[in-house]
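Asks: Sequence:
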Amino acid sequence: METTTATAPPRLRIAIVGGGIAGLTAAIALQKHPQVYVQIYERAKESKEIGASIGISPSGLRTLEKLGVESALNAEVCSRQKSDWPMIFRHWKTGEIIGYDTHRTQALLENVQGDIVHSNKIFVTASVDPTVGVMLEFADGTTATADICLGADGIHSGVRKAFVLHRTLHWTGWVAFRAAFDASLVNTVEFPEDAAHWVGHDRTFFHSYLGKGQFTTVGAFNVDPQDPSAPYRTSQWNEEGSLDVLKEYYKDWHPSVRSLVEATPYTKVYPNVAGAPLDQWTFFNRVALLGDAAHTHGGAFAAGGSLAIDDAYCFSLALFYIFPPTATEKPSPEKLRDVFRLYEVTRKPHVDKVLKKVHEVIKDQKKSVERGSTETDDELRERVRTRRAFESIPEKLAVVDFPTADRLASVTNPHCESGPPDQEPASHLGGIQEASLTNALNGSESATGQPTAAPPSSQIAPRRYHDEGLVNLFYANFHSAHPILLPRSMYNEELYPDSLQSAVQFVGSHFSTTTSSDSLRTTTAEALRHDDQQGFHLVQARLLFAIALHSRNEIRESVSVLADAVSLAINLGINRKDFSQRHGNSGIEAESIRRTWWELYVIDGIMAALQRNPTFRCHTIKPEVLLPCDENLYHNNTIPEPFSMAQFDARVYDDEDRPFSSFTYRIDAVRILARVLAVEWTHEVHEDHMKAIDNAITAWFHHLPDGQEQIDMLDFNDRNDELLFQAHMLINYATMYLHFPRSDLVPALPAARGVIREKFLLPTSSQHMHAVKAISAALPLIRPLSACAANRPGSYDKHWDQIKLIMGVLKTLGRIWGLARATLKKIKRMTAEIFRDVATYPEDQIDDSRDSGIGVYLHLNPAPTKQHKELSKTKQQHRLNWTIDYKTGEYKSQFPTPTGNPADPTLTSHGVRQSLELAEHLVSPEFSPKPFRIYSSPFYRCLQTIQPSVEALKERHNSTPSSETGIDRNADLDVRIENGVGEWFGPTSFFDHPSPASPGTLKTHFPTLLASDPEANYNPHLLPSTRGETIAQLHDRVATALAGIIADVDAEIDALEAPQPPAERTSKAILICAHAAPLIAMGRVLTGNMPDDADEEDFNVFTAGLSTFVRRKTTPAGDGSAERRELAPGTRVIRSGTVVPDWQDGKGVNGGWDCVVNGDCSFLSGGAERGWHFNGEESFDTGPMAPSSALPTSSQDTSTEMPSTKL
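Residue 502 in UniProt numbering sits at position 502 of the sequence shown, and the numbers go up by one each step.
Because the hints were derived from the structure by calculation, they are not lab data.
Take the hints with a grain of salt, since some may be wrong.
Below are the DSS-like pairs computed for lysine-lysine, each with C-alpha atoms no more than 30 Å apart in a straight line [unchecked claim]:
(1) 161 x 268
(2) 335 x 268
(3) 892 x 161
(4) 247 x 268
(5) 828 x 811
(6) 353 x 335
(7) 161 x 811
(8) 828 x 1003
(9) 161 x 335
(10) 247 x 45
(11) 811 x 691
(12) 826 x 811
(13) 330 x 353
(14) 691 x 622
(15) 32 x 45
(16) 268 x 892
(17) 1003 x 954
Using the sequences and the hints, build the whole thing.
Replies: Structural data, given as structure tokens:
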């Protein structure tokens, strides 16, 4: 990374993923900007693999000429024929000339200035922080940070996959065999021209000099992509090919072709794929796609290279225009937004036209296969003569597609409003012609002799932007539940103020995998605080913000923001009938205002119920506002004459049913809830009053539209509208709120102890009636749990899948909303108690969440002495995730893992950042004593967590005297692998959990951490069972491993310091890096304190957190073993004499330990993150443990139970 002097401002950092033609062209163009710092990350191991045999059309050649890339245009590279025809088409067998084609080129790399290409960098993922930039992660565990990321990594772009979800590329049936090699290998081969395309009926063969002493051969053939037996349908891009197969394909072809095939030293396979055009090329105003990464075309008539070149050139022009070379500081996020918008709105429409024609050709792929047996030679000649060429598509230089500044200012959604493909944008940009833009890029002089630069971005008219991706996520995931804003198709036209746009983006960010909702929370709060317009849009913004805060489980803040929204709405008069007519500029905007008031009413009522308030402010206001219309009418902008609440109440007298909306029935449900709240905890209520409310609830169901009287809460689908679903939920809650406090129901489960109820409201004769009604209302929500709790025959199998669905949905929502996580925790506790009685589902197997890794620090010698020793434990950082097929036990990972184990991922970029902060803390003078021995789980993420720490400690240990570093002179800082502190998986009946990599494999990834001969030094105490463990078995496993570790280090210390008097001994410590569940267990087995509730949050476990334990007294190894304690079946004990120690009842392992630091995260910039607790957080959700006869078995599995490992 570059360094900046005191006087020079930091340059704009641009990371280009992909060193092919698009990436290299972009680098060449961007390097002409003095304030831009460019780095290229290429997956190929050597640069010679980059850019072989790429086609360039005249448009691309002109662009390269503008960039001054003369070496890519000279005769040595470009002109491949003495006849000056760069491409000649010949008949596959006779060799006769049947056509010609245009130029090609390969040389770009030498025009890149400096050593900026990093090879063997396989992109894994990227994360975007709008205020910081882009963090790139690579398969080798390294990361890179930049202000801008350009994805130029080809048709199989990893960058595209990171930002475009659910977009699949399909195999077209076209397969290429390609090689680029030393041209001397074909010196003895006779062929008519330097470059020719030999055309057959169902296959082709191409050969050419590439310049720079290189030669290429490309064989291609077509098969039916729908044929399941088609060759190479499962092959990977750039896969090693077979020369024997290549020779077989061309054995009957012209002698020149056969000779060239014989001379080819190797070949690689490239199955061609294509996909639909992308909706957008830019993401979060930080990431853009170039070339094939953006095009997904599957071939563009031999002009894909030109499209890529023009993409790169266009992006550079956009950057130069918004961020001129004369700039004195890096562009702001707003200016970067202009760059990305300008690039996409000018470039994408033209390329989409190209793709449309390309895809028309792909649709005819089956005809290409049929030609092999049906086409005559005359038909072949005619097909080549009349072939579609790229020239049939009007070419346009990138700069010609720039729109005018006023057009750009008005276009806030280029994906939807940039005009149809046939509509050509204007050929200038705010009056700045192509010449001045090109001069700005090349630094040429104007007619006056002065350097010409692009005008500052201030010349563009002020304009307001929003993040398209986050807005789309808001509408896709949130809007239908709270539909107060205009429909998505009208959002861009509404010119919403910044505060409301911020609120929308904040909500949408929770559904994004790349945007930090925490940072947008701060931005939104500031925007709301400084919005001085005080209009109804601010009410909408506050309302959306309050809903999101409540969903994040930030209850106090949510209540405050909602109160502000209600107060402002009432002060503005939104509750009055005429407000929407006076302030709505159209019928649909007036409808939006009416919906805003009623949404406030609904949310205010819900929050009052949750807070146990007897009323809410919106309910104290006379309801003058007319009612919302049907959702379909609203989204189609067909707004009818709205009904009043009086008309709704009088509907029972109408001869014909009026079409009231689901929104209206939802409002009515909250009106009834308000009546319930007023009497909920009041025992002085007349029976007639109670009966009236109960009748209103019953009548609500009877007056619903036909077919909507009941909604199965567990069979909700797209046929049921969400607002009516909410209305049913609210009425059921109102029923429970009314009757439960007056019932004789008592909690049947300990986990339900927190449920609030009154004990004195009504006499016993009435309590039973209220109990029945409360249960009836609750049953649709809790049917599966109640059925299983009743232990009725067959109920378990019938309802287990529904329970998993409930918890699965909550878990999925929990990744987005904190409130769902809190709810899931409560549901788990109740579920665990129910299924503990069923005796087929252990309490500790409810969740399949897994951690990312951590640590412990142990003071080894007794605390009262001067030389007390300690143990510190640290948790691994944030890591990538994996998935599992519950039926087969197959583990899968979205990204390739370094060890090949899908359950052995790397850290995320944030986790890497935490590991560096941990290292800085461990080597600081304040941290003492320094590690004497280091142990780690064998999983990759744990070793990656402590890698910076170990390397920093070793560097200081080897170069600086111990007196200055604080590291004991006898410290052994090679990491010792101990499987006994490895990952925890729950028990399974029919498959094995994955095992970690071997020490030899880990050595290849962490050569600086492990001993020179890791296999010889690998001496764990035990190997956990691959069939998993219960929580109790995990604790005993960890206790056994810790007892062995501590005994080993005690023996080493005794050998070193036995001759020394106690006063001369020094404090020593062990550092252990492990995972969340084992670390919680470590705290308990070290202190000897096992809580009655395993879910108790006794030991803090955060990513990269550090806990320290000091030993109370020294106990001889092997003393105090626990009788009849068993490890999990299948556990392999490696060391003889290993026993399960007697650690419970306050004894602790090896003399007992005191926790003096519990989960310290003060040294982390982000503080404590992702705290774990023991509700099954790391276990694998195996589902109900059915009898072995009911589960699939392998050849090793039988119906006999695996014997326990007894120590």
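Asks: Confirm or reject each hint.
Replies: Structure-based check of all given hints:
1. 161 x 268: Holds, at roughly 24 Å.
2. 335 x 268: 43 Å, violated
3. 892 x 161: 17 Å, holds
4. 247 x 268: Holds: residue 247 and residue 268 sit about 14 Å apart, inside 30 Å.
5. 828 x 811: 11 Å, holds
6. 353 x 335: Distance of about 29 Å is within 30 Å: holds.
7. 161 x 811: Between residue 161 and residue 811 the Cα gap is close to 24 Å, so the pair holds against 30 Å.
8. 828 x 1003: 40 Å, violated
9. 161 x 335: With a Cα-Cα distance of about 26 Å, the restraint between residue 161 and residue 335 holds, given a limit of 30 Å.
10. 247 x 45: Within the cut-off at roughly 28 Å; holds.
11. 811 x 691: Distance ~39 Å between residue 811 and residue 691 Cα, so the pair is violated.
12. 826 x 811: Between residue 826 and residue 811 the Cα gap is close to 12 Å, so the pair holds against 30 Å.
13. 330 x 353: 35 Å, violated
14. 691 x 622: Satisfied, since the Cα-Cα distance of roughly 25 Å is no more than 30 Å.
15. 32 x 45: 27 Å, holds
16. 268 x 892: Judged against 30 Å, a Cα distance of about 27 Å means the pair holds.
17. 1003 x 954: The given pair, whose Cα atoms are some 16 Å apart, holds under the 30 Å limit.
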